[in-house]
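With the hints as extra help, turn the sequences into a complete structure.
There are 2 protein chains.
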Amino acid sequence: MSEAVGFVGLGHMGLPMAHNLLRAGYRLRVYNRTPAKAAALAEQGAELVGRPADVAAPGGIVITMVANDQALEAVTLGADGFGEQLGPGGVHLSMSTVSPAIAQRLAAHYQARGAAYVAAPVFGRPDAAAARKLWVCTSGPQAAKERVRPVLDALGQGIFDFGAAPEAAHVVKVAGNFLIVSAMEAMAEAFTLAEKHGIERGQIASMLAQTIFACPIYQNYGKMIAEETYAPAGFRLALGAKDLNLVLDAASTARVPMPFASLLHDRMLSALAKGRADMDWTAVGLAVSEDAGLK
Amino acid sequence: MSEAVGFVGLGHMGLPMAHNLLRAGYRLRVYNRTPAKAAALAEQGAELVGRPADVAAPGGIVITMVANDQALEAVTLGADGFGEQLGPGGVHLSMSTVSPAIAQRLAAHYQARGAAYVAAPVFGRPDAAAARKLWVCTSGPQAAKERVRPVLDALGQGIFDFGAAPEAAHVVKVAGNFLIVSAMEAMAEAFTLAEKHGIERGQIASMLAQTIFACPIYQNYGKMIAEETYAPAGFRLALGAKDLNLVLDAASTARVPMPFASLLHDRMLSALAKGRADMDWTAVGLAVSEDAGLK
Numbered sequence: 027m028s029e030a031v032g033f034v035g036l037g038h039m040g041l042p043m044a045h046n047l048l049r050a051g052y053r054l055r056v057y058n059r060t061p062a063k064a065a066a067l068a069e070q071g072a073e074l075v076g077r078p079a080d081v082a083a084p085g086g087i088v089i090t091m092v093a094n095d096q097a098l099e100a101v102t103l104g105a106d107g108f109g110e111q112l113g114p115g116g117v118h119l120s121m122s123t124v125s126p127a128i129a130q131r132l133a134a135h136y137q138a139r140g141a142a143y144v145a146a147p148v149f150g151r152p153d154a155a156a157a158r159k160l161w162v163c164t165s166g167p168q169a170a171k172e173r174v175r176p177v178l179d180a181l182g183q184g185i186f187d188f189g190a191a192p193e194a195a196h197v198v199k200v201a202g203n204f205l206i207v208s209a210m211e212a213m214a215e216a217f218t219l220a221e222k223h224g225i226e227r228g229q230i231a232s233m234l235a236q237t238i239f240a241c242p243i244y245q246n247y248g249k250m251i252a253e254e255t256y257a258p259a260g261f262r263l264a265l266g267a268k269d270l271n272l273v274l275d276a277a278s279t280a281r282v283p284m285p286f287a288s289l290l291h292d293r294m295l296s297a298l299a300k301g302r303a304d305m306d307w308t309a310v311g312l313a314v315s316e317d318a319g320l321k
Numbered sequence: 027m028s029e030a031v032g033f034v035g036l037g038h039m040g041l042p043m044a045h046n047l048l049r050a051g052y053r054l055r056v057y058n059r060t061p062a063k064a065a066a067l068a069e070q071g072a073e074l075v076g077r078p079a080d081v082a083a084p085g086g087i088v089i090t091m092v093a094n095d096q097a098l099e100a101v102t103l104g105a106d107g108f109g110e111q112l113g114p115g116g117v118h119l120s121m122s123t124v125s126p127a128i129a130q131r132l133a134a135h136y137q138a139r140g141a142a143y144v145a146a147p148v149f150g151r152p153d154a155a156a157a158r159k160l161w162v163c164t165s166g167p168q169a170a171k172e173r174v175r176p177v178l179d180a181l182g183q184g185i186f187d188f189g190a191a192p193e194a195a196h197v198v199k200v201a202g203n204f205l206i207v208s209a210m211e212a213m214a215e216a217f218t219l220a221e222k223h224g225i226e227r228g229q230i231a232s233m234l235a236q237t238i239f240a241c242p243i244y245q246n247y248g249k250m251i252a253e254e255t256y257a258p259a260g261f262r263l264a265l266g267a268k269d270l271n272l273v274l275d276a277a278s279t280a281r282v283p284m285p286f287a288s289l290l291h292d293r294m295l296s297a298l299a300k301g302r303a304d305m306d307w308t309a310v311g312l313a314v315s316e317d318a319g320l321k
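Chains as they are written, first to last, in my numbering: chain L, 27 to 321; chain P, 27 to 321.
Some clues are possibly wrong.
Facing chain L, from chain P, some residues (calculated, C-beta under 8 Å) [unchecked claim]:
| hint | residue |
| --- | --- |
| 1 | Cys163 |
| 2 | Gly202 |
| 3 | Ser208 |
| 4 | Ala240 |
No farther apart than 30 Å at their CA atoms in a straight line, the calculated lysine-lysine pairs in the DSS-like style are these [said to hold, decoys possible]:
| hint | chain 1 | residue 1 | chain 2 | residue 2 |
| --- | --- | --- | --- | --- |
| 5 | P | Lys249 | L | Lys159 |
| 6 | P | Lys159 | L | Lys249 |
| 7 | P | Lys249 | P | Lys321 |
| 8 | L | Lys249 | L | Lys222 |
| 9 | L | Lys159 | L | Lys222 |
| 10 | L | Lys300 | L | Lys249 |
| 11 | P | Lys222 | P | Lys159 |
| 12 | L | Lys249 | P | Lys249 |
| 13 | P | Lys159 | P | Lys63 |
Just so you know, the hints here were simulated from the structure itself, not pulled from any lab data. C-beta: ideal position from N, C-alpha, C; glycine also.
As structure tokens, then:
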């Protein structure tokens, strides 16, 4: 019988991931701020608990998949958090997109208590999570990473390790999300240039997606940006805006001027100002069309 | 026996393309500003001529693969150009990366003389040209496009058509090159962010190239930018700077603000100012490292 695993955060990503752990034979103790979302999991045998602290067993594993730094801090170091319950030998498997800074804080907190922080943020949308097709980037203490390996194998199609530093995998994740938004902006500019020269957006998008940019980001987001289907959200623009904040914070800490990231941060701010928080993050492309007098 | 084809411009791209036409059985009349470069072709049966005008036969096909608008204008409308020699039924197959504006001018010139302008710019570097792996984008009059189709089939692995407008395929080509340079800048920023957080550039580049960005642009240029091998040039930065000019000209004509393109144009100007014209165009990434205090 597989061991019990704690799981905090049953959002668009967390819920299918938790399902896959149940299917892989893990016993799950789950917590979600909105308990209703956990009902389907409970029917399949997961134990629902009332506080984040209750998901942790001394020496056990707890996975977090929450929206941002604030939520992660609340469920770990907050009054009802599991930060004191994990205990010696415990592993916090932190899979959300959060800041390098909070990773370092939590890693120090656990180290003082004999527990470990393993960063394991993922690339992939909810459909990839459901299909066990996530790409996982890890960093943290070697022994702890080896222990959680079977858990990660039940969630993704590949694991890339970035060493011992608690923040390393999170830096890679925010850098990756920055690359995705950069590709979106660049495609929106290119497609709008084509459009105003009388070329169909879908036609240039399709050519590029079959040739020099034949990869998921350009294929999937390229289609959305070509067709301007900016809602419903697969990934909310508000979360994309958060990710750009994380990029600029990490850039600021390390003193790396990132002019594309600065420009994209402004795009996100403007989109939020225009009430687009709940649109898909590809909606940064809408501003390009507007600037060109098309909307 | 296949018909005779004129070929102007035996640079890094033109030379392997001309070789492939000879191999496919075409008789070639070639012109190059530097005759020495054509010697190997002559050994294989190509006829070398002394002026661009001499490559054209009335009603025939002439291919151009030259560096820029100025060179294209010289070999067509210049004193020794073939613009008057092509004659009724002739086709100018224009495969260089040039401006939409010169395409419109040449198309009007030929139309008045019963000839046709077919835009057919390509994606792919010299090794792709040699291996007949180019991607070709076409636009122009339908009958002329059908006539040159076997010639294009001898040069590339796929043809994408963008309608009748003479400039359309050139707009697509400059938009594509803009997307490539955008990807380079974004990768340079992301890799430098990672590097200054203690992560190896090659490690993040490799992960991305195997996962969400598993396509030629991110794989090939990503490796160069990760390893900072900015010379020797596969594609000279001076030519990349020209392409950014073409992008901004096309954007200006169509009134499409392209903030990424504007930023990249400045990057190219700065690289030229620092004497990097003969480095590879990936050397835009060098400025990102310099800005971060790394060089």
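These are the hints, each one checked on the structure:
This hint holds: Cys163 of chain P has a C-beta 7 Å from the nearest C-beta of chain L, less than the 8 Å allowed. A least Cβ separation of about 6 Å between Gly202 of chain P and chain L falls short of the 8 Å threshold, and the interface hint therefore holds. At a threshold of 8 Å, the smallest CB-CB gap from Ser208 of chain P to chain L is about 4 Å, leaving the interface hint in force. Taking 8 Å as the C-beta cut-off, the interface hint given for Ala240 of chain P holds, the closest approach to chain L being about 5 Å.
Distance hint between Lys249 of chain P and Lys159 of chain L is fulfilled; the C-alpha atoms sit about 25 Å from each other, no more than 30 Å. For the hint pairing Lys159 of chain P with Lys249 of chain L, the CA-to-CA distance comes to about 25 Å; that is within 30 Å, so the pair holds. About 19 Å separates the Cα atoms of Lys249 of chain P and Lys321 of chain P, which keeps this hinted pair within 30 Å; it holds. The straight-line distance between the Cα atoms of Lys249 of chain L and Lys222 of chain L is roughly 18 Å, inside the 30 Å bound, and the hint therefore holds.
A distance of roughly 38 Å separates the Cα atoms of Lys159 of chain L and Lys222 of chain L; the hinted pair therefore is violated under the 30 Å criterion. As the CA atoms of Lys300 of chain L and Lys249 of chain L are separated by approximately 23 Å, the hinted pair is consistent with the 30 Å bound. A C-alpha spacing of about 38 Å is found between Lys222 of chain P and Lys159 of chain P, which places the hinted pair above 30 Å, so the restraint is violated. Proximity of Lys249 of chain L to Lys249 of chain P is assessed by CA-CA distance (about 27 Å); at most 30 Å being required, the pair is judged to hold.
For the hint linking Lys159 of chain P to Lys63 of chain P, the alpha-carbon distance of about 22 Å falls within 30 Å, and the restraint holds.
In summary, the structure is inconsistent with hints 9 and 11 from the numbered list given earlier, while agreeing with the others.
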